[in-house]
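Colleague: Each residue of the first sequence is one higher than the one before, counting from 1 in full-length UniProt numbering.
Mixed in with the good hints there might be a few duds.
[Unchecked claim] Think about it this way: if two alpha-carbon atoms lie no more than 30 Å apart in a straight line, the pair counts; the simulated DSBU-like pairs of lysine-lysine are:
1. K348 <-> K330
2. K197 <-> K223
3. K93 <-> K330
4. K197 <-> K16
Hints in this document: simulated from the structure, not taken from any laboratory.
Treat the numbers as computed from the prediction; the structure is a model and nothing was measured.
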Amino acid sequence: MDFASLRRRLLGWYAKHARDLPWRQSRDPYRVWLSEVMLQQTQVETVRPYFERFVAAWPTVADLAAAQEQHVLRQWEGLGYYRRARNLHAAAKRVVDEHGGEFPRDVAGLTTLPGVGRYTAGAIASIAYDAPAPIVEANTARLYARLTGLREPVASTAGQRALWAFAEQVVPRRGAGRLNQALMELGALVCTPESPKCDACPIATHCAAFAQQATRVIPVAAKRQTITEVREAAVVVRRGADVLLRQCGPGERWAGLWDFPRFPVEAEGPLFATRELVAGVERLTGVVCDSPRHHDTLRHAVTRFRIRLDCYHATRLGGRVRSTQESPVKWVTVAGLAEAPLSVTGRKIAAGLR
DNA sequence: AATTCGGGGCA
DNA sequence: TGCCCAGAATT
Numbered sequence: 001m002d003f004a005s006l007r008r009r010l011l012g013w014y015a016k017h018a019r020d021l022p023w024r025q026s027r028d029p030y031r032v033w034l035s036e037v038m039l040q041q042t043q044v045e046t047v048r049p050y051f052e053r054f055v056a057a058w059p060t061v062a063d064l065a066a067a068q069e070q071h072v073l074r075q076w077e078g079l080g081y082y083r084r085a086r087n088l089h090a091a092a093k094r095v096v097d098e099h100g101g102e103f104p105r106d107v108a109g110l111t112t113l114p115g116v117g118r119y120t121a122g123a124i125a126s127i128a129y130d131a132p133a134p135i136v137e138a139n140t141a142r143l144y145a146r147l148t149g150l151r152e153p154v155a156s157t158a159g160q161r162a163l164w165a166f167a168e169q170v171v172p173r174r175g176a177g178r179l180n181q182a183l184m185e186l187g188a189l190v191c192t193p194e195s196p197k198c199d200a201c202p203i204a205t206h207c208a209a210f211a212q213q214a215t216r217v218i219p220v221a222a223k224r225q226t227i228t229e230v231r232e233a234a235v236v237v238r239r240g241a242d243v244l245l246r247q248c249g250p251g252e253r254w255a256g257l258w259d260f261p262r263f264p265v266e267a268e269g270p271l272f273a274t275r276e277l278v279a280g281v282e283r284l285t286g287v288v289c290d291s292p293r294h295h296d297t298l299r300h301a302v303t304r305f306r307i308r309l310d311c312y313h314a315t316r317l318g319g320r321v322r323s324t325q326e327s328p329v330k331w332v333t334v335a336g337l338a339e340a341p342l343s344v345t346g347r348k349i350a351a352g353l354r
């Protein structure tokens, strides 16, 4: 492989076709890191407004470190994979407390930060500091697989080893940040999953898959995971103008987010669920409610689950909120729901209240 | 080495 | 509905 020629052609193409993305306006390691964490498993156009809002709210890593985690989660709401937001805040605090407000400059140091793995560390090191660090993510994995004619599944251990080996070879000693971004951009705009635009590709002559007319079968996909059906209930318990909320604990999904009492249900439908619902609310919150009335059914799919969520309304009869350190429980006004970080379904339920 | 995280957007 | 997305952490 003639890497010098490949880089030259790629950079020429990138100079003409690079998108104007907000995180490309500066090489501030804080902004590079923030964008890279947001972009993990998340599309560019989805991230764009979130990035703008975060930078406006917290212009520096010190500002972010000083923020309340609840505020960070609230701003993250809707972006998904909420663990990233908690790791983001924890990493900001560590950068301030342990590194004097400066991000580590190499891959090894960056990888010690929570939420920063091999890819993100390589991206920050190369883009912010121009370190010769390789990267492999969704766009580059597909691009490298086609360039090298990789017949292993890209997600497999063997496939990943081959991709990272190629990434190390292609990354230059100087200008790594620009080249890495050009590689990702080519993957995103030209070397697309379906119908790659090989006639517009500046490095098609370097591409094994193009030579073999195999871009349709490379990259080799992993087998898809099986879907699990889940049935759950969420209960909006009211006490006058207030509604009952609990905060999800550290070991729980949605850790740090608030939610209406929510739990899996065995009963086949709303008609048979009353006893189970009252017990579930009391177990999670300590509050006893009357017979919940079925209000709505939300269906949504997430990762490997397909969920039917039955939403109920009920009124407090007795009991006191049982708040623990790990999982606080509180009454909030309907208006106060706007400040609490909620999951997407939690926000949908909240939107239906007044 | 595989699974999980229970996202969100799009055709 | 299935596929994709600038992956990381966990077992």
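Colleague: Each of the hints needs a verdict: does it hold here or not?
Modeller: Verification of the hints:
1. The suggested pairing of K348 with K330 holds, with an alpha-carbon distance near 19 Å, which does not exceed 30 Å.
2. Distance check on the hinted pair: K197 and K223 sit about 26 Å apart at the alpha-carbon level, within 30 Å; holds.
3. The straight-line distance between the Cα atoms of K93 and K330 is roughly 28 Å, inside the 30 Å bound, and the hint therefore holds.
4. Between K197 and K16 the CA atoms are separated by roughly 16 Å; this keeps the pair inside 30 Å, and the hint holds.
In summary, the structure agrees with every hint in the numbered list given earlier.
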